[in-house]
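Visitor: Here is how the chains run, residue by residue.
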Amino acid sequence: MSIRRHMSNVRQYELVYIAPAETTEEALAELHSQVVAVVDRFGGNIEKTENWGRRRLAYEIAGQREGVYVLEVINGPAALNAELDRRLRVLDVVIRHMIVRVDEELAIAERARARRKAATTARRVRRGLPPEPTESERQRRAEEDDDADGGMEQMFRGGDR
Amino acid sequence: MSEMDRDSRGGRAGGAKREGGDKAGGRRGFFRRRRVCKFCVEKIDYINYKDVKMIAPFIPERGKIQPRRISGVCATHQRALQTAIKRARQIALVPYVTD
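Here the protein sequences come in this chain order: A and B.
In terms of the working numbering, the first sequence has 161 at position 161, counting the first letter as 1, and numbering is strictly consecutive.
Each number in the working numbering comes from the position in the second sequence (counting from 1) with 1000 added on.
Quick caveat, the hints were computed from the structure, so don't treat them as lab data.
Check the hints yourself; a few may be wrong.
Only pairs whose alpha carbons sit at most 27 angstroms apart, straight line, appear in this in silico DSS-like list of lysine-lysine [what the hints assert, rightly or not]: (1) A/K117 <-> B/K1064; (2) B/K1086 <-> B/K1043; (3) B/K1043 <-> A/K117.
Using the sequences plus the hints, can you model the full thing?
Guide: As structure tokens, this is what we get:
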């Protein structure tokens, strides 16, 4: 509920578009600036741009077997999504694009993580351990064979608290 | 009547499950390991469609999505995985079909 309230008009989208492998740097820059222009016009902002470079396509698109992938993480209103989608569909340089709304699922993942963390903390406190796994415990888990001494010590110290 | 029916069905289903669990080791001579959800074990909250390495094990040769009765993924994560695979297909990271 609270999430819906404060996310009411600004949403986060991930845009992935694919250009043919032979696209020049300039053409890509031009494409990026077009995206930026649309985003600016709708009062959004681009959080991150990632160029994955040339990748093999899993199947042929527009006679191409390879493509240049670009990912843009965009914050903005819903109208921005629609306009961007329309523009990209028209452009010939983009052979495939996809816009996905991610804020809600990321929030869900974040909540799940927080819930698990809280559960771990509660369990540890019930057992009389410090709420966070200590450095020595983490090391022990990573190695998983020797150094039982540190762990025992930790347990005793925890019990005293 | 209907209540009894439901009861008996529930009982039978439970029994069958337990029996299956016991037999799982020795059925038809080959050893079947207990399947666990990879995403639950590794505590992955968000199945990212961009991460081909993460979703590739659930796409067999043919390109179909592996059913959960085979991969052992839990229902929650299978749903998320399904979305991720379908998105990855759209941007040609994984195939729709391979012949």
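Visitor: So, for every hint listed, does it hold in this structure?
Guide: Consistency of the hints with the structure:
1. The straight-line distance between the Cα atoms of A/K117 and B/K1064 is roughly 35 angstroms, outside the 27 angstroms bound, and the hint therefore fails.
2. At most 27 angstroms may separate the alpha-carbon atoms for a hinted pair to count; B/K1086 and B/K1043 meet this at roughly 22 angstroms.
3. Restraint check: the Cα-Cα separation between B/K1043 and A/K117 comes to about 11 angstroms, which is no more than 27 angstroms; the hinted pair holds.
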